[in-house]
Structure formats: structure tokens, C-alpha cells
Amino acid sequence: MEEVNVKKEEAAKLLRQMYQIRFFEDKIMELLGQNVIDGGSHLYAGEEAVAVGSCAGIRPDDWIASTHRGHGHAIAKGGVISELMAEIFGKVTGCCKGKGGSLHLCDPATRNLGATGIVGANIPVAVGAALALKKDKSENVVLCYFGDGAINQGVFHESMNMAAVWKLPVLFICENNLYGMSGAVNRVTTTNDLYTRSSAYGVPGEAVDGMDVLAVKEIVMKYAEKARKGEGPSLIECKTYRYYGHSRSDPRAYRTKDEEKEWQAKDPILKFRSKVILAGIISEAVCDDIRAEVKQEIEDAVRFAMNSPWPKPEEVTEDLFA
Amino acid sequence: MREIAYWQALNEALQEEMERDPNVFLLGEDIGVYGGAYGVTRGLLEKYGPERVMDTAISESAITGAAIGAAMMGKRPVAEIMYVDFMGQAMDQLCNQAAKIRYMFGGKFKAPMVMRTEGGAGRTLGAHHSQSLEHWFTGIPGLKVVMPSTPADAKGLLKASIRDDNPVVFIEHKMLYKEKGPVPDGDHVVPLGVADVKRQGKDVTVVSYSRTVLVALEAAKILEAEGIDVEVIDVRTLAPLDIKTIVDSVKKTNRAVVAHEACKTGGFGGEIGMQIIENAFDYLDGPVKRVAAIDVPIPKSPVLEQYVIPTKDSIIKAVKEALA
Numbered sequence: 001m002e003e004v005n006v007k008k009e010e011a012a013k014l015l016r017q018m019y020q021i022r023f024f025e026d027k028i029m030e031l032l033g034q035n036v037i038d039g040g041s042h043l044y045a046g047e048e049a050v051a052v053g054s055c056a057g058i059r060p061d062d063w064i065a066s067t068h069r070g071h072g073h074a075i076a077k078g079g080v081i082s083e084l085m086a087e088i089f090g091k092v093t094g095c096c097k098g099k100g101g102s103l104h105l106c107d108p109a110t111r112n113l114g115a116t117g118i119v120g121a122n123i124p125v126a127v128g129a130a131l132a133l134k135k136d137k138s139e140n141v142v143l144c145y146f147g148d149g150a151i152n153q154g155v156f157h158e159s160m161n162m163a164a165v166w167k168l169p170v171l172f173i174c175e176n177n178l179y180g181m182s183g184a185v186n187r188v189t190t191t192n193d194l195y196t197r198s199s200a201y202g203v204p205g206e207a208v209d210g211m212d213v214l215a216v217k218e219i220v221m222k223y224a225e226k227a228r229k230g231e232g233p234s235l236i237e238c239k240t241y242r243y244y245g246h247s248r249s250d251p252r253a254y255r256t257k258d259e260e261k262e263w264q265a266k267d268p269i270l271k272f273r274s275k276v277i278l279a280g281i282i283s284e285a286v287c288d289d290i291r292a293e294v295k296q297e298i299e300d301a302v303r304f305a306m307n308s309p310w311p312k313p314e315e316v317t318e319d320l321f322a
Numbered sequence: 001m002r003e004i005a006y007w008q009a010l011n012e013a014l015q016e017e018m019e020r021d022p023n024v025f026l027l028g029e030d031i032g033v034y035g036g037a038y039g040v041t042r043g044l045l046e047k048y049g050p051e052r053v054m055d056t057a058i059s060e061s062a063i064t065g066a067a068i069g070a071a072m073m074g075k076r077p078v079a080e081i082m083y084v085d086f087m088g089q090a091m092d093q094l095c096n097q098a099a100k101i102r103y104m105f106g107g108k109f110k111a112p113m114v115m116r117t118e119g120g121a122g123r124t125l126g127a128h129h130s131q132s133l134e135h136w137f138t139g140i141p142g143l144k145v146v147m148p149s150t151p152a153d154a155k156g157l158l159k160a161s162i163r164d165d166n167p168v169v170f171i172e173h174k175m176l177y178k179e180k181g182p183v184p185d186g187d188h189v190v191p192l193g194v195a196d197v198k199r200q201g202k203d204v205t206v207v208s209y210s211r212t213v214l215v216a217l218e219a220a221k222i223l224e225a226e227g228i229d230v231e232v233i234d235v236r237t238l239a240p241l242d243i244k245t246i247v248d249s250v251k252k253t254n255r256a257v258v259a260h261e262a263c264k265t266g267g268f269g270g271e272i273g274m275q276i277i278e279n280a281f282d283y284l285d286g287p288v289k290r291v292a293a294i295d296v297p298i299p300k301s302p303v304l305e306q307y308v309i310p311t312k313d314s315i316i317k318a319v320k321e322a323l324a
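Protein chains in written order, with UniProt numbering: chain A, 1 to 322; chain B, 1 to 324.
The hints are simulated quantities; they were obtained by calculation from the structure and are not laboratory data.
A few of these clues could be false.
Unchecked claim - Examples of chain B residues toward chain A, derived with CB under 8 Å:
| no. | residue |
| --- | --- |
| 1 | Ser59 |
| 2 | Gly65 |
| 3 | Ala66 |
| 4 | Asn96 |
| 5 | Arg102 |
| 6 | Tyr103 |
| 7 | Lys110 |
| 8 | Lys174 |
| 9 | Tyr177 |
| 10 | Gly181 |
| 11 | Pro182 |
To be verified - Calculated cross-link-like contacts (lysine-lysine; reagent style PhoX-like; alpha-carbon spacing at most 20 Å):
| no. | chain 1 | residue 1 | chain 2 | residue 2 |
| --- | --- | --- | --- | --- |
| 12 | B | Lys198 | B | Lys47 |
| 13 | B | Lys202 | B | Lys251 |
| 14 | B | Lys202 | A | Lys91 |
| 15 | A | Lys8 | A | Lys312 |
| 16 | A | Lys135 | B | Lys312 |
| 17 | B | Lys320 | B | Lys202 |
| 18 | B | Lys108 | A | Lys312 |
| 19 | B | Lys47 | A | Lys135 |
Glycine residues also receive a C-beta, built at the ideal position from the N, C-alpha and C atoms.
Only chain A is shown next, with the shape it has when bound in the complex (with noise of 0.2 Å):
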């Protein structure tokens, strides 16, 4: 038998914070699909081994700096789930009072430098987060997410070789979903294995299975210890799946049922479900106990954002200028 290094206690936590993103995910799409709330939302069911993985592997008192696809490393961080799904909403019990929504969340409390709606453009942000670390000798980390589609644009290079001239504590986190919105990363670049870029700025890099939870949280701990002993940067891909199309208007013509369903196999939760129960580190009641918890706390978040208040339009001007 496969030997599962993890306590009861954190593979529960493991499982529990990736049922958080999944039913999230899910119930955003039900939502969305019922007009219930407008926008876009980019979500992240399918790689939930990411955020929840990486996360572990750090500190709770680490950075992270998130992207447009950004609901499950805000939820991977602690945030307040309540308060996530109020944001989403547009509402004024939002995590950012309203006024950034799904590309925009943010958290200071759990060390969430915030997400941004321009692909790669947390990349240089994140360096000088971790610039800032240096600076005051800290000893923690900023991990920096990313998409397959963000390692094409001209701040991953200029951001990744500052950070190597500098020495900086930061992981780049390159979550390899395959596709940016349309384009497949193996007709975009010459290669599948996207980690290979580090090598041109002298900075370790190693690609993951992003699908394993476990897997991902290990590999960012060693980089991570590495960062805080003043060795640098790496860059870690993590080889995964987003199940829903790029935003709720993607039909996904460009990709096959037979593929999704090849990903979906490969599933994060049940990956790892099966895995400790069979290992005997937790039962199979109490994940059903775990998986029926997170139901009920996310139909009370979404209760919570359906109950809340509007911002007044008296709230508009504020916030502007600190």
C-alpha cells in the first residue's frame, strides 16, 4: 500500500479547505447560471490540490499573491468564506466592500496580497512583496500564482530575473491548467513543460502533479525552506485541470469531453479522499461529516451575501486615495 504521510488533523483540514473551493465553485456557477449574481467568475473546481497543497506548505503568516482565477487561493488562505461570497456578490459585507468582486479579492488578515484582473501582472507585485521581506530580514515567503497563459507575458521574465539577481523569497506557482481561455499552452509555446523556463535565469524549477495535494504541498515546503534560507526563488508547475471553461461564457470547443473526463479521473478530492480512508488516517463518516459541513457553510455564505446590504452610493468616493 501507497504510504500517505499526513496527521488525521491536517488531512482533514486538507480535505475540508478543498471541499470549500469545489462546492464555492460550484455554487457560483449555480448562481450565476440563475442570474442570482452578475459579472464573470473564473473558477477554479479542479485544482483544488493547488491552492490547498501550496498553502499547506507554507507558514500561515506567508504572502500570497493570487490571479484572475483567484477563489480558491483566497479560500486555501483562510479567508472568510462568508465575506468571499459577499464580494462576489458585489456586496458591502464583501472582503473588499464591494468594490473589487471576483478578480479582486484580497485578505492583509490572512496575508492575501489581493488578485488582479491583468494576466501575469500579480508576477512583479510578488517580487517586491518578497523584496520588502528581504529588506526587513523577515524570514517568511511570498507565494506567487500564476496561469500557463501569464508565463508568455514579458513581466514573468522581467519579474523572475529580478528576483534571481536579488535572491528573493518567492515561489513562483505556475498552475498549468493547459489552456489560456482558448489557446492550448502546447500551441502557444514549444513546450509543455513550462518549469523549463526558470533555467534561462539560473533559478531551480520542477514541475508537480498538480492534481495531489500532498505532492504540491511537499515540493513548496522544500522551495519554500530554500526561499527562507536566502537561497531564492524556484519555479514550481503544477500540472492541472480547471473543469468549468474559462468564464461562464466558454462553451470549450477547443478541448474534448474525452479529455475532461481523462482530468476528472485524475480528480483532487476524490484523489485524496480515497487515499486516507484507505490508509486509515480518517474514515469514510467523517469525510461525509466534512464534505455535508462545507455544504451547509457555503448555502449560509450565500445566505449571508443574499441578506447583506448594498454599498450606498454615497460609498463611491471612498477609498480612493489612503
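Given chain A's structure and the hints, the job is docking chain B onto it.
Just chain B now, with coordinates in the frame of chain A:
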């Protein structure tokens, strides 16, 4: 009062703020040993070391983004972008990230940072090293935009910008670095958002900023000999704009001319002129006149370059038209 050059005034401001606040640090291209393309950071590497005077690769986007990230974490970065013409490379970071961080995050983060850059024509450097692009930034809510014309203002406004809790685009002028002027001793801070009447007059108000203020003052001197009394207002801070000082002046003179080195179409003069009309229409005895660059890229030839940008003659002509 002692007289120092514009570049020295900026250099003093940086030094004083670095002494005052250990969170202040500099980053940019060639700001270390080289001392900056126009010498503003001369001597600072030797004094403060490479951890506070950080030479970077030629990566304007990463420079700006790194400043944002550091600012969000409590630092006070002063980033230098060598020419305002290079800001195109930094625009996403500046306009989509820095300017919006506080607002779109519901006030939970702030980005106290200064983007120092310089612009303007006069050195026959051609289309990529001579532009005036301030109107790019004034159209982005969340940014403050500062353009000093004198050494005293350069020092005082830079100190205020570094102390400000918001992103500030601080645009110097390449033809002003060697200009000398009186600068008060001590902690000379000029608040943002306050215009300055550089010359009192009763017949016509000329509103300007940066180097064109000096051109307007020359024009005013010539017009004085002809019996025309020009008031010259230096807005100093384009965002936030001190419209009250401008309107008060126009209510007194009843005539207004707006002069700047940026191109006329879409230039910030249109905004100033419109705000004058909105706020002082009944006081105007004639149309608001604009003096600005011709709508072309800045040409290389010294003859053409001088033809494109405002001169004292073009300001004199506009003043006379405003009085006609």
C-alpha cells in the same frame, strides 16, 4: 536664500527623506554608480549602499511592480523611470495595479510609492526621449501627478510625494535640471494639490506647469513692457488640481490662457480650460486660449523641435488674442 540647481534640490529631498525614514529606498535603471541619467541620484549609492539605492535591469514593468509590492508591505519606494517616454512599458503596473490597489481592495491595502521620471523636449533627442505625457496619468483615478518648475518646488513636492500614502507620478523636466533658484534651508515640504501664483497680474491669467511656467514668466516680462499685466499660475500638482486658485485668478483677470508642452489634442490644458469654463464662465470676457505642442511626434531637428513646442512668442500671441 541659498541658490541650488533643480537636480540638487531633488537630490537633497531624496537624501533627507532617506535619513528621516528607513523605509524609503530607491530603485531604477542606472541610479547607482551612474547617478541617474540626469544625475539626480548622484552620490546616494556611496552614502546609502546598494540595499537602498538599487540598480535594476532595464525592466520598467518589473521596477514598477516591485515598487507596488514593496509599498503594499509598508516600504516607501521611489522608483525612477529614466524617460517618461518609457512609461509605456510600466503603464499596466502603474495604471491597473498601483492606481487601483486601494480602491478595488476596499481600502485594505495602500501603495505609498513615487514614480520619478522626466519628460519634455529641448535636447533634440527625437520622438522617444522628448515627450510630455502627463495626460496619460491624469486620466487614471487613484494617481497623483506632480510637475515642479523650480528647484524649491522640486524639493518640497518630492518630499511631500514620498510622505504621501498614495502612488505619485513625479515628472521632472530635462531642461530644468541645471536651472538654479532659491531653496529654503531645513525641512522644506510643499503640500500636494496647492497651486502657486508665480507672478501677480491683473489683465490675464496664464495657467501652466513644469518648464512652460518659466517660458510664461519670460513672456509676462516682455508683455509688461507693453503695458499688459500677466498673472502666472503654476499648478504644480495636476492631480489633485487646485482649481480654486485658478478660478480665483480668472475671476480677477477675466481672461485665461493655458500653456503646456504636451500636445494640444487630449492635453491636460483641455481639462484646465474646461474646469475654468465650468466654474467661472460668467467672469470670462473672452474664450480660454490654449498654447500647446503641435499634434506631431517631437521631431529631431532643433529647428522643428522648437517650432513644435510653446515659446514665449506663442504665449505672447495667445495672451494678446485673449485680450482682443
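Checked hints:
| no. | hint | in the structure |
| --- | --- | --- |
| 1 | Ser59 | 4 Å, holds |
| 2 | Gly65 | 2 Å, holds |
| 3 | Ala66 | 4 Å, holds |
| 4 | Asn96 | 5 Å, holds |
| 5 | Arg102 | 6 Å, holds |
| 6 | Tyr103 | 5 Å, holds |
| 7 | Lys110 | 4 Å, holds |
| 8 | Lys174 | 25 Å, violated |
| 9 | Tyr177 | 28 Å, violated |
| 10 | Gly181 | 30 Å, violated |
| 11 | Pro182 | 31 Å, violated |
| 12 | B:Lys198 with B:Lys47 | 35 Å, violated |
| 13 | B:Lys202 with B:Lys251 | 10 Å, holds |
| 14 | B:Lys202 with A:Lys91 | 53 Å, violated |
| 15 | A:Lys8 with A:Lys312 | 46 Å, violated |
| 16 | A:Lys135 with B:Lys312 | 49 Å, violated |
| 17 | B:Lys320 with B:Lys202 | 14 Å, holds |
| 18 | B:Lys108 with A:Lys312 | 18 Å, holds |
| 19 | B:Lys47 with A:Lys135 | 17 Å, holds |
The structure does not agree with the numbered hints 8, 9, 10, 11, 12, 14, 15 and 16 stated previously, though it agrees with the rest.
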